[in-house]
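Novice: One-letter residues, chain by chain:
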Amino acid sequence: MGRNILEEYMNRKYDADIKPSPQANLIKDKTAIVGIGETEYSKNSGRDELDMACEAIKNAADDAGIKVEDIDGLETFTLDRTAMPFIVSTLGLKNLRFASEVSFGGGAACAVTLHAAAAVATGVAKNVVCYRALNEASGHRFGRGDGYAKYMISAPTPHYGYTFPMGFCTPLSWAGCWGRRWMHEFNVTYEQIGWWAVVLREYANKNPRAIFHDKPMTHEDYMNVQMIVEPLRLFDCCVDTDGAAAHIVTSAERAKDLKQKPVYILGAGQSAPIEQEIQTIYNRPVISGLFETWYAAHEAYRVAGVEGKDIDVAELYDPYSLGGIMSLEECDFCERGDAGNFIEGGDNIRVDGKMPTNTNGGLLSEAYIHGYNLVNEGVRQLRGQSYNQVKDPELCMVTAGPGVPSSAMVLRN
Amino acid sequence: MTVQYTDKPIPRPALWGIIYRSSGSLWEGVKEEKFLIQKCKDCGKILHPPRPMCPACHSTEQEYVEASGKGKIYSYVTYNKSPHKAFKAPYSVILVELDEGPRVISNTVDVKPEEIEIGMPVEIAYEKIDDELTLYKFKKAG
Ligand SMILES: [Zn+2]
Chain A
0 MGRNILEEYM NRKYDADIKP SPQANLIKDK TAIVGIGETE YSKNSGRDEL DMACEAIKNA
60 ADDAGIKVED IDGLETFTLD RTAMPFIVST LGLKNLRFAS EVSFGGGAAC AVTLHAAAAV
120 ATGVAKNVVC YRALNEASGH RFGRGDGYAK YMISAPTPHY GYTFPMGFCT PLSWAGCWGR
180 RWMHEFNVTY EQIGWWAVVL REYANKNPRA IFHDKPMTHE DYMNVQMIVE PLRLFDCCVD
240 TDGAAAHIVT SAERAKDLKQ KPVYILGAGQ SAPIEQEIQT IYNRPVISGL FETWYAAHEA
300 YRVAGVEGKD IDVAELYDPY SLGGIMSLEE CDFCERGDAG NFIEGGDNIR VDGKMPTNTN
360 GGLLSEAYIH GYNLVNEGVR QLRGQSYNQV KDPELCMVTA GPGVPSSAMV LRN
Chain B
0 MTVQYTDKPI PRPALWGIIY RSSGSLWEGV KEEKFLIQKC KDCGKILHPP RPMCPACHST
60 EQEYVEASGK GKIYSYVTYN KSPHKAFKAP YSVILVELDE GPRVISNTVD VKPEEIEIGM
120 PVEIAYEKID DELTLYKFKK AG
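Protein chains in written order, with numbering that gives the first Met the number 0: chain A, 0 to 412; chain B, 0 to 141.
Calculated directly from the structure, the hints in this document are not laboratory data. Mixed in with the good hints, there may be bad ones.
To be verified - Take a look, some chain B residues computed to stay more than 10 Å from chain A by CB distance: (1) D6; (2) S24; (3) E27; (4) L35; (5) G43; (6) T59; (7) K80; (8) H83; (9) R102; (10) D109; (11) P120; (12) E122; (13) K139.
As the list claims (entries may be wrong) - Distance ranges between label pairs, derived from CB positions: (14) A/P19 x B/R11: 36 to 46 Å; (15) B/G16 x A/E274: 20 to 30 Å; (16) B/P51 x A/P19: 48 to 58 Å; (17) A/V87 x B/Q3: 44 to 54 Å; (18) A/K214 x B/P54: 40 to 50 Å.
We put the beta carbon where it would ideally sit given N, CA and C, even for glycine.
With the rest of the complex left out, here is chain B:
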């Protein structure tokens, strides 16, 4: 199954009205159905979540590499009661470890909560909410 929404607004990435410069690239990429991972241009360290300075070498130069979109479920939870007026329970939230290393929070597409297992291979699937927002979700790897 896939997360079902109510008619109430889904929380936006700019939760407090701000999209940080370093977060912007990820969300812009997702709109074009690309998952971009931030890397330090100087030392090559993967920076996820994205940030304005590399904590290893303090460089402020970054580049972005497109992830394969493949990964494995690293952990997950299932809400039996909805914690937020925009979402209908039950639904699951998964933590996916991408093949490139970063772990991302997401939801499953076409997977029932009881089918979810740690280690399950998944691949990215995009869900267009509206013109402003596309979300990255994961389906069973085919």
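Chain A extracted, bound-state conformation:
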């Protein structure tokens, strides 16, 4: 094994030698997201997840201008608690020929689109809907240690045996552990990381879909709120949400005749670099970075034939502030170790900044639909339909959960 993963990561040089050529990639430019939909995002839906999933899927079909019956592929998370057979019988799908579920929690957030696109590009299915429904606020809260093992993990995972007995049992704390190390190595301050939450709240305040639409928050509010797991405060956490979101993938060819401006998938990739665990990866030579995000983002760039500097708007998976903040480095929007400086004061990630980021309010302030709402926002940006519209964007980067086997994609209009 000549290839040294650490060198590759630290030198920011993604080795293209052993990978298939972008020209051979059947997804690139040949598949598109043509419809997006969601339910209301709330703290207490009073509905079950099947109910919400079907509404989001119907809305996505209506948005695209295709008949629900023409959906012939279903794609979701292994963690989704809706049963596919009931989706089929509720929506009246008569032509299902492709169905799959992707694992690794939020790490699947772009992989679902990739899998749907792969099915479309290879002719297995024509119109694949990716959906995710969850009652994370009122129902099965997996962000707590008690609930995590029960709801979050689809297979026994030996490494948790070394962490749960020590009381180390929540995603927030796992992130806090590598996040603290990152802050330590690069002298990042609490004041700096606070700007992420503040700017995202500004976006949410202009977005009527957002859970925190009516709740402003200043930097002072951020600094005064309680620490949940030091170094992370309450306002560093995503907003537990009830709701569902969906998007429909079809071929670029069919997309031309549909209702909305197509948003093409230019490049997408999954990653699981080395010493992979589910968020408790502390035996890599360095832990002050998000290897999975870097690898997935660079695979997406490689296939797309673009670089970080070409991206106009970014929707970065932020289950906690540090996940999004450190992703700015991993997507090459700033230097490694410089994201604290990059977001200080907030201007660089505001709508007219160097890299407008999480323009719907992100998972922190719009909703936590496991990343699907970031995909939908990316599509809106490229169609020119966002409540915080960036001026004429051509390329959008979307990432998925950090610290788990992950995924990313570059969308273009």
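On the provided structure of chain A, position chain B with the ligand as indicated by the hints.
Specialist: Below, chain B with the ligand without anything else, positioned relative to chain A:
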């Protein structure tokens, strides 16, 4: 300070009812107050967390070496709210880099959260929970 427990059960290493063969040696060693690090018998690579095959040479033969139990705090978090019904907040979780290289998750013994610092030298201390389970914790190096 040391982690305080409620009367609710502490999560066990066999979280899903399974102890993998490769994890068993570590927990058996800890019961005898030895921290055993798994090594590939063929190429000598340290395998931590333990696993059934060496990712470098694909050998399935392993051996175990006893760690000195000394190391330094590499990172840490402090829970101000308890995330789990078995544990009383506040408590800290530390990531210790052992002198032999592997990093392990643990808790402090007799160290207040505000005293914890990255780089602090620590040494292993065992906490017997019951006949089935002993946990490895770390105190300030003496
Ligand atoms: Zn070996």
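Novice: For every hint, state whether the structure bears it out.
Specialist: The hints, checked one at a time:
{"no.": "1", "hint": "D6", "in the structure": "15 Å, holds"}
{"no.": "2", "hint": "S24", "in the structure": "12 Å, holds"}
{"no.": "3", "hint": "E27", "in the structure": "13 Å, holds"}
{"no.": "4", "hint": "L35", "in the structure": "13 Å, holds"}
{"no.": "5", "hint": "G43", "in the structure": "16 Å, holds"}
{"no.": "6", "hint": "T59", "in the structure": "16 Å, holds"}
{"no.": "7", "hint": "K80", "in the structure": "6 Å, violated"}
{"no.": "8", "hint": "H83", "in the structure": "3 Å, violated"}
{"no.": "9", "hint": "R102", "in the structure": "5 Å, violated"}
{"no.": "10", "hint": "D109", "in the structure": "16 Å, holds"}
{"no.": "11", "hint": "P120", "in the structure": "16 Å, holds"}
{"no.": "12", "hint": "E122", "in the structure": "17 Å, holds"}
{"no.": "13", "hint": "K139", "in the structure": "18 Å, holds"}
{"no.": "14", "hint": "A/P19 x B/R11: 36 to 46 Å", "in the structure": "44 Å, holds"}
{"no.": "15", "hint": "B/G16 x A/E274: 20 to 30 Å", "in the structure": "25 Å, holds"}
{"no.": "16", "hint": "B/P51 x A/P19: 48 to 58 Å", "in the structure": "30 Å, violated"}
{"no.": "17", "hint": "A/V87 x B/Q3: 44 to 54 Å", "in the structure": "50 Å, holds"}
{"no.": "18", "hint": "A/K214 x B/P54: 40 to 50 Å", "in the structure": "47 Å, holds"}
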